[in-house]
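Undergrad: Read off the chains here:
Number of protein chains: 4
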Amino acid sequence: MPHLPEDKKRILTRVRRIRGQVEALERALEGGEPCSAMLQQIAAVRGAANGLMGEMLEIHLKDELVSGDTTPEQRGAQMAEIGHLIRAYLK
Amino acid sequence: MPHLPEDKKRILTRVRRIRGQVEALERALEGGEPCSAMLQQIAAVRGAANGLMGEMLEIHLKDELVSGDTTPEQRGAQMAEIGHLIRAYLK
Amino acid sequence: MPHLPEDKKRILTRVRRIRGQVEALERALEGGEPCSAMLQQIAAVRGAANGLMGEMLEIHLKDELVSGDTTPEQRGAQMAEIGHLIRAYLK
Amino acid sequence: MPHLPEDKKRILTRVRRIRGQVEALERALEGGEPCSAMLQQIAAVRGAANGLMGEMLEIHLKDELVSGDTTPEQRGAQMAEIGHLIRAYLK
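Chains as they are written, first to last, in my numbering: chain A, 41 to 131; chain B, 41 to 131; chain C, 41 to 131; chain D, 41 to 131.
Next up, chain A with everything else stripped away, as it sits in the complex (with noise of 0.2 Å):
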């Protein structure tokens, strides 16, 4: 999880605000509403979900690369798993 506690609560707040729109989502489609409604509601819940992974990666790259005296062959092998991360997001 990000190291900083203001970090962690921001990624929670995200969250939890996609949590809400996907719950709205759920009662949109039970209550009947218009297709063309939900469809921008999902777009909303791509977008934020695409927000929270820029944050997400911020963090990390800010906690796992940057902070700290580390050593490039520490930072090296970070980068490894984080080389795969974009390449899983920008796809």
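Do not take every clue at face value.
[Said to hold, decoys possible] Listing some non-contacts, in silico: residues in chain A with all C-beta distances to chain B over 12 Å:
1) Glu95
2) Thr111
3) Glu121
[What the hints assert, rightly or not] Derived Cβ-Cβ restraints for the label pairs, each shown as a range:
4) Gln80(C) to Pro112(B): 38 to 44 Å
5) Ser76(D) to Glu113(B): 49 to 55 Å
6) Glu46(A) to Ser76(B): 16 to 22 Å
7) Gly72(D) to Ala120(C): 34 to 40 Å
8) Gly91(D) to His124(C): 19 to 25 Å
9) Ala77(D) to Glu121(B): 36 to 42 Å
10) Lys49(C) to His43(D): 40 to 46 Å
11) Glu70(B) to Ala117(C): 46 to 52 Å
12) Ser107(C) to Glu70(B): 51 to 57 Å
13) Thr53(C) to Arg57(A): 36 to 42 Å
It should be emphasised that the hints constitute simulated quantities derived from the structure, not laboratory data. A virtual CB, placed ideally from N, CA and C, is assigned to each residue, including glycine.
With chain A's structure known, arrange chains B, C and D on it following the hints.
TA: Structure of chains B, C and D alone, referenced to chain A:
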């Protein structure tokens, strides 16, 4: 909402799966899981949101542009709204 | 290709703009420009590719599902192929 | 541009492949190919642009945050700019 009950059911199943993924993400964050694991879970949520968008858009096109005896004018009126959605989806 | 000449022209303009952006990117790389500037140019190419996808998909839906006196069966046959495209676009 | 010659070469290969794909798309449009074939080619261009973004971002992180003896402050200054890029990439 989708016109056919089986379409509605498929969408509901997808929405509930996403809700489960987001709830698991919230627990992972509160439980102090490593960022790299959470980043993978977030990628899965985004992928599921994309899948939901695609299926819902397909159902909407089928319900509004394909099914039933409609005139080009009626379909054209629906298409104006669909155009807005597609532009929101592909950006 | 798009049925209406004005649609074809709009798509051609977009494709040529993307070609210009990609050529500029190649020159930037060969000229030793900073990575951060190149990363912004790449984001612009991806954005332009998304815009092209959206416009082309809209034209295709208009040409195949909206225009003309067609039966639900004819439109259903077109829709099968369109469904494949949408799933490829939203992943 | 990428610091290592082999990284630069890999990026150049990707950029040239995209240029070839866009030129083929232009010919397809001028040659009157079916929209469905063109829509698949456009999806391939977008996929290639995403792949290029991912590889370039990875190289940039390696060059600026991983390699060399740097201080947390130096890496933090680089990170500010990288944060902007990531937000542009994930939206």
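Undergrad: Are the hints correct? Go through all of them and say.
TA: Hints, verified against the model:
The claim that Glu95(A) lies off the interface is violated: its Cβ sits roughly 10 Å from the closest Cβ of chain B, which falls inside the 12 Å cut-off. At roughly 20 Å from the closest C-beta of chain B, the C-beta of Thr111(A) stays outside 12 Å, upholding its exclusion from the interface. For Glu121(A), the condition that its CB be more than 12 Å from all CB atoms of chain B is violated, with the nearest at approximately 6 Å. In this structure the hint that Gln80(C) and Pro112(B) lie 38 to 44 Å apart at CB holds, the actual value being about 43 Å.
Between Ser76(D) and Glu113(B) the beta carbon distance is about 25 Å. The supplied range of 49 to 55 Å is therefore violated. Range check, Glu46(A) to Ser76(B): about 20 Å between beta-carbon atoms, so the 16 to 22 Å window is met. With their beta carbons about 23 Å apart, Gly72(D) and Ala120(C) fall outside the hinted range of 34 to 40 Å. At roughly 21 Å, the beta-carbon separation of Gly91(D) and His124(C) lies within the given 19 to 25 Å, and the hint holds.
At roughly 27 Å, the beta carbons of Ala77(D) and Glu121(B) sit outside the given window of 36 to 42 Å. Separated by about 43 Å at the C-beta atoms, Lys49(C) and His43(D) satisfy the suggested range of 40 to 46 Å. Distance hint check for Glu70(B) and Ala117(C): the Cβ-Cβ separation is about 50 Å, which falls inside the suggested range of 46 to 52 Å. Distance hint check for Ser107(C) and Glu70(B): the Cβ-Cβ separation is about 54 Å, which falls inside the suggested range of 51 to 57 Å.
Between Thr53(C) and Arg57(A) the CB atoms are about 39 Å apart, so this pair conforms to the stated range of 36 to 42 Å.
Checked against the numbered hints given earlier, this structure breaks hints 1, 3, 5, 7 and 9; the rest are met.
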